[in-house]
Every structure is written in C-alpha cells, then in structure tokens.
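Asks: So you can see what is in the structure, the chains are spelled out below.
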Amino acid sequence: MPRVVLTGSICQHVGGMSAVDVEGSTVRAAVAALEAAYPGLRGWIADERGVLRRHVKVFLRQETVALDAAIGPDDELHIVAAISGG
Amino acid sequence: MTELLVGTRKGLVVLRGKRGGTFDMAARAFPGEVVEFAMRDARSGRYFAGVTHGQFGPHLFYSDDPTAKWQQAEGPAFPPAANAAVERIWVIEPGAADDVLWCGVAPAALFRSGDGGKAWALVQGLWDVPERSHWEGGAGGLCLHSICPWPGDPERLAVGISSAGVWLTDDGGRTWRRSIEGLVPRYLPEEARATTHAYCVHNMKRAPRQPATLYMQFHGGVYRSDDAGATWLDIGADRGLPSDFGFPLAIDPDDPNRAFVIPLSADADRVMPEGRVRVYETRDRGATWAALGDGLPQTQAYISVLRQAFCADGGKPLGLYFGAQSGEVFGSADGGRTWSTIAARLPPVTSVQCA
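Residue numbers (my numbering), protein chains in the order written: chain H, 1 to 86; chain D, 1 to 355.
Be aware that one or more of the hints could be misleading.
Label pairs and their in silico Cβ distance ranges [what the hints assert, rightly or not]:
hint, chain 1, residue 1, chain 2, residue 2, range
1, D, ALA119, H, ARG54, 23 to 29 Å
2, H, HIS55, D, VAL129, 47 to 53 Å
3, H, GLN12, D, THR67, 40 to 46 Å
4, H, GLY16, D, PRO130, 24 to 30 Å
5, D, ARG177, H, HIS55, 49 to 55 Å
6, D, GLY125, H, MET17, 39 to 45 Å
Below are the DSS-like pairs computed for lysine-lysine, each with C-alpha atoms no more than 30 Å apart in a straight line [claimed, not checked]:
hint, chain 1, residue 1, chain 2, residue 2
7, D, LYS69, D, LYS118
8, D, LYS18, D, LYS69
9, D, LYS10, D, LYS118
10, D, LYS10, D, LYS69
11, H, LYS57, D, LYS10
12, H, LYS57, D, LYS69
Think of the hints as simulated: they come from the structure by calculation, not from any bench. All residues carry an ideal CB built from backbone N, CA and C; glycine is no exception.
Isolated chain H (complex conformation):
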C-alpha cells in the first residue's frame, strides 16, 4: 500500500500524523483516498477541480510528479508545501 508523507500544518488534518498508508495506483487516487479518509483535508492539496495547489508539490522517488503519475504499492509520496509568502 503506498504511503503518503505529509509535512507542516497540513498534518493537523490527519490527526497530527506525518504519514498515512492509502490505496491507489496513481497519485490522484492516493490523494483521493487520503481525502476520503480525512474529509477535513479535502481541497487542501488539490482544489475542487482536482488541480494541485500552485504552491504544493508531490515528490516520488525524489522527483516532482503530476497527479496522474502511476505509483506502486511500495512507493512513498511526499507532499510538500513551498516556502513562500511575505
């Protein structure tokens, strides 16, 4: 089962955990599964169109990937928010 690793303030929406195991064969499916398990997360990683938030990146094997990227059961996804602001 793929593992989603979260950092920063978004962890509050998954009960403070920094990693969650979810079903899914694409990044999009894994994010959807995460949102289904933790509805408070809906709209935070991707907006209601399913578009990744502009300042959020998903890393798979140290490369940024799109939501449609395929993932395997042993993969670890890192969802990282950019350092930005003023």
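Fit chain D to the supplied structure of chain H, relying on the hints for placement.
Replies: Relative to the frame of chain H, chain D by itself:
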C-alpha cells in the same frame, strides 16, 4: 462589551473592550494565514472566518467561540460541472430566512448555506447568467463582495460584483437581472460605456429599515438607489467629499438617511486625501457630506482602508470601527464625532466586523 473581529494578513485578531474605552486582544486565530473576512451571525452566535492559506488555498471555518477551536465548513466549493475553484472568500452574510447564510467568493459566485453555515452550495442561477462570459475582475480579482438581503423577504437579494455590476433576484437566486441604470463608469472612454459589462462596484449596503434604499461606493462615484436597485443616483460629486473614490462603506442600520464612506485620493493613489484620515458622513441620503476626524491622524497619514475593513455596530449612539493596511484599528463610540486608536501594530488589516 464590544467585540471586534479583525481579519489581517497574518491571522484573525479578536478585540474586546468597552465602547469608548480600551480594547484588549482576546484571541489570535489562524496565525500566519490570511484571514480575508470574519463575522458573527448574531442569530446563532456562530463565528465565521474565510481564511486563505498561502499554500493550501481558501477555506471557511466556523466556531461558537472564537478563542477556542474552529471547524472547517463543507465548502464553499464549486461543483465539478462549473470547472472552477474558489480563489478567495470575500464576504459572509446572514440571510433573511432562519439558518440561511450567503457567501460571496472569487471568481464571482454566490454560495448558500441552509444549515447555519456548516455546508454550502453554489447558487447556480447566478453562475449561469449568460453575461458571465463577459465579466472581468478589477485589481482585486473578479469578486462578489457585497450581499444585501431584504429583511423579511428571503426571496429578494442584491449582490455587488467587481467588475460586473449589481445583480438582483426576486426568487431566492433562481433568476437574476443586472442593475446598472444611472451608474457611470468614468474609468472607460465615453464611447465604450454604452456596451460595457465592466461596472466596478466597490461596496454596497442596504438600509434595513427601508430596504428599497441602497448605498454604493463605486469605482469613482458614490450612489444611492431609492427603488431597490432599479436605478442609481449620484450622491458623490460636489457634495463635500474630497474624492468619490474609495472602498469602505457603512450605514446606520436604524437610519436609512445616514451613511459613511472613507474616501481615498484616487484610483491611482489609494491613500487618505492630503494625508488626513477622515470618515465622511451623510445624514440626508447623500445630499451633503461632512468630515469626521477628531482623534484620527491628521498629518502625513497616507494610509489605506480596504473594502471590508469598516463597520457600524448598530448601537446608540452608533459605534464605528475601521482598520488600516498599516495595522491600526480606529473606533468611535459616538457616531464618528470622536475617535480613538483601539489597536496598533497589527498586520495589514483586511476586514473589521462587529461581532
């Protein structure tokens, strides 16, 4: 005790104090996040905050105690068929019917809650108006920022959109018509005005005791409607205002003849005219305006006040409060006759609402 909800670029500040006295910070919520708008629904006592997280987007929260935990609402979010995403939550307004609230967002759309603000659904009728394809935003984006329910009649509603004019419904939001007659978009060449859709409404308020009366701050122009928005009358030119450009607008909820604006120098210079912080009041429906500035900075104060950062509390005498992008909150407990600084050195203030 008076409670003010102050949205800032770095969190929500809850100020509590005695009218005319000092205020203390009772809470600071959403630290580091942009709180675009916060208000309290007096019917339920529930508080709402529209929060834009720099990385994770805009979300609406509610709480029965702003010093404690906030819950995330279900929405506002566009349905898949709309192929749009909420960019910013601009305003939340209690409706005329029990448990109904309205929410205006960018891109310009109206959402409705029928359960006291926990869950929200798009008002499809306004989203589907054919003219929407011509709508364009101003510097603040294409936003629905003003919502004016009709007390006692849940079917009637007026909304203000920048830059797409005023829209009216008489059937609870199923059908809408545009209301622009009398508005003059001076920012456009004369030859373009007849056909434009770009009516840049900056703010709009309804007089609750005389609901056919509406006041509007336009992008260059202050207007009043006496016929529920069917037509608009210029009440800004040559009547005592130093400028008819600005964003903030407040009304006395008990007096339909009384309104307040905070003019800025011009669209190209959005600061207090002459560096003097002054609120302007009309007591005669805009026939004349008079400056109120006793206690406000009167020299070298080139500050600015945003659209949602001015409110009246409905008390007697009327309490008035506004916040500046430079981090001050000013208040008056005597209808604007005298003012004091009730908070300073806050982050840039985005909204001020009396709880």
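Asks: Look at each hint and say if it fits the structure.
Replies: Quick rundown of the hints versus the structure:
no., hint, in the structure
1, ALA119(D) with ARG54(H): 23 to 29 Å, "holds, 26 Å"
2, HIS55(H) with VAL129(D): 47 to 53 Å, "violated, 32 Å"
3, GLN12(H) with THR67(D): 40 to 46 Å, "violated, 18 Å"
4, GLY16(H) with PRO130(D): 24 to 30 Å, "violated, 48 Å"
5, ARG177(D) with HIS55(H): 49 to 55 Å, "violated, 39 Å"
6, GLY125(D) with MET17(H): 39 to 45 Å, "holds, 42 Å"
7, LYS69(D) with LYS118(D), "holds, 15 Å"
8, LYS18(D) with LYS69(D), "holds, 25 Å"
9, LYS10(D) with LYS118(D), "holds, 24 Å"
10, LYS10(D) with LYS69(D), "holds, 18 Å"
11, LYS57(H) with LYS10(D), "holds, 23 Å"
12, LYS57(H) with LYS69(D), "holds, 29 Å"
In this structure, the hints that do not hold are numbers 2, 3, 4 and 5, in rising order.
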